[in-house]
Amino acid sequence: MSEALLEINNLCVDYVSPNGIARAVNNVSLTIKPGETLGIAGESGCGKSTMAFAISRLHKSPALISEGEILYHGRDILKMSDKELRDFRWNETSVVFQSAMNSLNPVITIGEQLTDVILAHRQISYKEACAKAAELLAIVGIHADRMKSFPHQLSGGMRQRVVIAVALALEPKLIIMDEPTTALDVVVEREILNELYDLKEKFGFSILFISHDLSLMGEIADRIGVMYAGNLIEIGDAKTVFSQPSHPYTKGLIASFPTIHGPKERLYGIPGDPVNLLRLPTGCNFQDRCSECMEICKKDEPVLVDVKTDYQAACHKL
Amino acid sequence: MDTTNNPEVLLSVKNLIKDFPIGQSSSKKSFMRAVNDVSFDLCKGEALAIVGESGSGKSTGARVLTRIYDKTDGEIIFKGQPLQEFIDDNGSLEYARQVQMIFQDPFGSLNPVHSIFHHIARPLLIHKRGDKKVIEKLVYELLELVGLFPAVETAEKYPHELSGGQRQRVAIARALAVDPEVILADEPISMLDVSVRLGILNLMADLKDKHGISFMYITHDIATARYFAEKTAVMYVGHMVEWGNSDKVTQTPQHPYTQLLLSAVPEAGKSGRRELGAKKGEIPLWKPSSEGCPFAARCPRALDKCSASFPAVTQLADDHFIRCHNI
Amino acid sequence: MNNSITSDAKPSIPHHESEFRQKCRAAWMKTKAFFHGNPPGIIGGFLITIILLGALFAPVLTTHNPDKRVARPHVAPNAEHVLGTTRSGRDVYSQVLYGARKTLSVALFAGIIATVIAVSVGVTSGYFGGKIDEWMNFITNVFLVFPQLPLLIVLAAFLGQVGSTLIALLLGITSWPWGARVIRSQTMAIRSKEFIISAEVMGESKMRIILVEILPNLISIVFGGFLGTVIYAMGAEAGLGILGLGDATEVSWGSMLYWAQTSSSLYTGAWWEMIVPAVALAATGGALALLNMSIDQVSNPKLKTGPHIKVWKKLKKEADMRRGLV
Chain R
1 MSEALLEINN LCVDYVSPNG IARAVNNVSL TIKPGETLGI AGESGCGKST MAFAISRLHK
61 SPALISEGEI LYHGRDILKM SDKELRDFRW NETSVVFQSA MNSLNPVITI GEQLTDVILA
121 HRQISYKEAC AKAAELLAIV GIHADRMKSF PHQLSGGMRQ RVVIAVALAL EPKLIIMDEP
181 TTALDVVVER EILNELYDLK EKFGFSILFI SHDLSLMGEI ADRIGVMYAG NLIEIGDAKT
241 VFSQPSHPYT KGLIASFPTI HGPKERLYGI PGDPVNLLRL PTGCNFQDRC SECMEICKKD
301 EPVLVDVKTD YQAACHKL
Chain Y
1 MDTTNNPEVL LSVKNLIKDF PIGQSSSKKS FMRAVNDVSF DLCKGEALAI VGESGSGKST
61 GARVLTRIYD KTDGEIIFKG QPLQEFIDDN GSLEYARQVQ MIFQDPFGSL NPVHSIFHHI
121 ARPLLIHKRG DKKVIEKLVY ELLELVGLFP AVETAEKYPH ELSGGQRQRV AIARALAVDP
181 EVILADEPIS MLDVSVRLGI LNLMADLKDK HGISFMYITH DIATARYFAE KTAVMYVGHM
241 VEWGNSDKVT QTPQHPYTQL LLSAVPEAGK SGRRELGAKK GEIPLWKPSS EGCPFAARCP
301 RALDKCSASF PAVTQLADDH FIRCHNI
Chain A
1 MNNSITSDAK PSIPHHESEF RQKCRAAWMK TKAFFHGNPP GIIGGFLITI ILLGALFAPV
61 LTTHNPDKRV ARPHVAPNAE HVLGTTRSGR DVYSQVLYGA RKTLSVALFA GIIATVIAVS
121 VGVTSGYFGG KIDEWMNFIT NVFLVFPQLP LLIVLAAFLG QVGSTLIALL LGITSWPWGA
181 RVIRSQTMAI RSKEFIISAE VMGESKMRII LVEILPNLIS IVFGGFLGTV IYAMGAEAGL
241 GILGLGDATE VSWGSMLYWA QTSSSLYTGA WWEMIVPAVA LAATGGALAL LNMSIDQVSN
301 PKLKTGPHIK VWKKLKKEAD MRRGLV
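Protein chains in written order, with our numbering: chain R, 1 to 318; chain Y, 1 to 327; chain A, 1 to 326.
Think of the hints as simulated: they come from the structure by calculation, not from any bench. Careful: at least some of the hints might be erroneous.
The list that follows gives simulated cross-link-like pairs (lysine-lysine, DSSO-like), each with its CA atoms no further than 27 Å apart [unchecked claim]:
#1 Y:Lys-128 - A:Lys-23
#2 Y:Lys-305 - Y:Lys-287
#3 R:Lys-200 - R:Lys-173
#4 A:Lys-316 - R:Lys-79
#5 A:Lys-313 - R:Lys-60
#6 A:Lys-206 - Y:Lys-71
#7 Y:Lys-210 - Y:Lys-137
#8 Y:Lys-270 - R:Lys-173
#9 A:Lys-23 - Y:Lys-137
#10 Y:Lys-29 - A:Lys-131
#11 R:Lys-60 - A:Lys-131
#12 A:Lys-32 - R:Lys-79
#13 Y:Lys-270 - R:Lys-264
#14 Y:Lys-157 - A:Lys-313
#15 R:Lys-83 - A:Lys-193
#16 R:Lys-202 - Y:Lys-71
#17 A:Lys-131 - Y:Lys-157
#18 R:Lys-264 - Y:Lys-14
#19 A:Lys-317 - R:Lys-79
#20 R:Lys-83 - A:Lys-313
#21 R:Lys-239 - R:Lys-264
#22 R:Lys-202 - Y:Lys-14
#23 Y:Lys-248 - R:Lys-200
#24 A:Lys-193 - Y:Lys-128
#25 R:Lys-148 - Y:Lys-279
#26 R:Lys-239 - Y:Lys-270
#27 Y:Lys-270 - R:Lys-308
#28 Y:Lys-270 - Y:Lys-305
#29 R:Lys-33 - R:Lys-264
#30 Y:Lys-71 - R:Lys-264
#31 A:Lys-23 - R:Lys-60
#32 Y:Lys-270 - R:Lys-33
#33 R:Lys-60 - A:Lys-316
Here the structure is a predicted model, which means the values were calculated and not measured.
In isolation and in its complexed conformation, chain R is listed as follows (with noise of 0.2 Å):
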């Protein structure tokens, strides 16, 4: 077994709100080895970014990583101390977030912005980390010209492929990505894509990709995960979880996206809404809209079982 490049064991992380402690991430385990694209996919509130942030130990209050481990080449994050921690952040992982501009000061110039970054990590002179900028600004396909532009001055696109090069300013060995199309029209999306291919061949980089997009998912990523209600609830390779699902979840989530060439029939998605995570029922936490509900899914909450080689699914009927 090739080495992980990240390992998270155990990981919880609550939510602490006036009406109760929510836990938005319960015991979450897997692995992202070196140059490969993990994808989770999961609706709003499944713990899918709540997860991704604390690899980076993001959170505030109140938030709170309750238990377990993440391991990043043997160490473990979690016990960092602060300079520790600096240094592992943007050099070892990098984030992209969803709207570039939530991330993006709009009162510096791009070129700036970059040149912050990576003066931040390394003791270059101002003039070698411009130099360095404007070449990151070419391998994401802006001109050097643009330096000097505000980020309110460019489109949609061209900033978030602003904020893939800042991401890729230390070149990490991880980054982050959470939602990074969402927010994009469909033929931006399809260049920034274009560009992570190119940009991954070049560097080797691993990405941990976040989105409720399974077909985009599916495209991308080399194994997938579906969170639902803070579990990990389905992961394995994205071939065979989108053609041979186990989760009733997964089933449906995938059965929610028309496609343009399949045959036109009626779908049906899944019924009810996702659950509150203050209020999560005995059992697993998918009955109350499951199809195939049993008995025992009413008591015992489901554990990851191998389905195949590398291929885990939490569900009672496996």
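Model the placement of chains Y and A on the given structure of chain R, informed by the hints.
What follows is chains Y and A alone, placed relative to chain R:
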């Protein structure tokens, strides 16, 4: 879009133009053209999908049709009568009753300080559907019609107690309250959770099939357009470039922009870089003085005359139309 | 509806209480919830209730006439005169209670006038936009730069002495612009929300939209602005009083301060004559400010510093200890 065996045409739009002023000073106004020379028909009991990216003018067109904006030029004919006459004859309330709209944001379309009952009862009261008892009965019926059970309990709730999907159902119930002939749905599912989207689309399809309500479905997602609507129209920068039967438009697109859209959609299993054919370009800002086809700058099949004039309508089949110089 | 949507659903038993009763009950529950776990709200509410009750029941709570000389001047607080007497031998305790009436009514009156004008201008301006907005903005800006206190001082000097009604009126007319601006921007934000567009598409009249759809959403900022104006007016009234520009013959906290100052009460050791009205002003202002703060917490839950933060801190410490970070 005239077919020989004509089902009843409810809404007919001809050469619609909508301009907006841009710039701050009220003296020196310049305009941007959000909708340019758009024509289409909407028949009874039929769904028409308008597909386009941001800036395509699809939402603006819908808002002109519901009179949120006034048109700059062109004709809008509803049930054989020009829109103007509806308004002049004190008929604006009547038009509002027959043409309703549902919006994209389920969190913004309901007033947080009013109960669900209030939201649905108001249109019934405005259009004088009956006395208090009749209205109460109708409210509960409507809630059950859109799948919100138990109706009495839901009616007493406030918007923040409902999920996004449930709120959107309330918005649909509110639109149905006045018994409309046409519902314009502006991206009704794009802000909802994935597993809930189909429920809403299926509800709309049922309303169309069982109650004969016509829908105009505005979206950027061409897959759901094909799933839900019989007819699809593709818009780019305020121009309608290709329209007709949904299967024909999505399976055998002829306009280079439609082809670009379809080739860009992610598909599971087809990994790897995908060349798009169209040149990289930014979406232009169209002005009243602009000429030619808006896609000319990016089009792989552009001819000289494409920058000079916007093409006329070419009929490819009984139910497939396109506006292109170079087919 | 009758032809196309059939009713094969059983009509449920109509148990829909009138919207008004429902709203009243909801308001009562909200008030209870408002004070729960809200220390500033509880303290502020408690204090202001005491002060208001004191002002209201002044004739019951004290037997002395605040205007008459009832004892020897500058008597220290004792059993008979709980807060001592002034230079003219008047009972400070009854003065502070009766004075509360005057001061509070001026402040409340000014607050009401200012709020009514601010809401009218702000909502109209925000909702209608265009030329109406431009003109209202112009007027707002003019009034905004009006120097209120100097204006009042000049008027007082001109007219000799300004009665409290006039003070209240002037304070109200000059302190509305700030609230109007806030209300205007909030109205504009709400106006672009889809539920307003829905109501318009539905055929609602503009007046109804303003009163029923927009205004209820503005209640918390309107109320906050009202409390702010009341605090300001109270301070202004006291300020005018101590300068001798108010009506020194009427009993109010401002005039109490005035007489205390002219009789050099602090200098002669009769601290109670000056301190009592000062504390009264500070306590009332503080109570109102606390109430204002607690309203902010309700409208913006992120500001909530509730007990759950303590729980979070405890849990975080435990987790850190388990990891060996502490």
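*asked:* Against the 27 Å threshold, does the CA-CA distance of A:Lys-316 and R:Lys-79 hold or violate the hint?
replied: Roughly 13 Å between the alpha carbons, so the hint for A:Lys-316 and R:Lys-79 holds.
_With the threshold set at 27 Å, check whether the alpha-carbon distance from R:Lys-202 to Y:Lys-71 stays at or below it._
It is violated: about 52 Å lies between the C-alpha atoms, which goes past 27 Å.
*Satisfaction of hint between Y:Lys-270 and R:Lys-239, Cα-Cα up to 27 Å*: Holds - the C-alpha atoms of Y:Lys-270 and R:Lys-239 are around 10 Å apart, at most 27 Å.
*Would the pair R:Lys-200 and R:Lys-173 pass a check requiring their Cα atoms to be no farther apart than 27 Å?*
11 Å, holds
*Does the structure keep Y:Lys-157 and A:Lys-313 at a Cα separation of 27 Å or less?*
Given that 27 Å is the threshold and the Cα spacing comes to 34 Å, the pair is violated.
_Need the status of pair R:Lys-60, A:Lys-316: alpha-carbon distance at most 27 Å?_
11 Å, holds
_Check the hint pairing R:Lys-239 with R:Lys-264 against an upper bound of 27 Å on the C-alpha distance._
Holds, at roughly 22 Å.
*Restraint status (C-alpha distance of A:Lys-23 to Y:Lys-137 at most 27 Å)*: 21 Å, holds
*Sort out whether R:Lys-200 lies within 27 Å of Y:Lys-248, counting only the CA atoms.*
Violated, at roughly 37 Å.
*Hint consistency between Y:Lys-305 and Y:Lys-287 [alpha-carbon to alpha-carbon, up to 27 Å]*: Holds, at roughly 19 Å.
*Between A:Lys-206 and Y:Lys-71, is the straight-line Cα distance small enough, at 27 Å or below?*
21 Å, holds
*Below or equal to 27 Å on CA atoms is what counts here, so check A:Lys-317 against R:Lys-79.*
Satisfied, since the Cα-Cα distance of roughly 13 Å is no more than 27 Å.
Checked against the numbered hints listed earlier, the structure breaks hints 11, 12, 14, 15, 16, 17, 18, 22, 23, 28, 29, 30 and 31; every other hint is satisfied.
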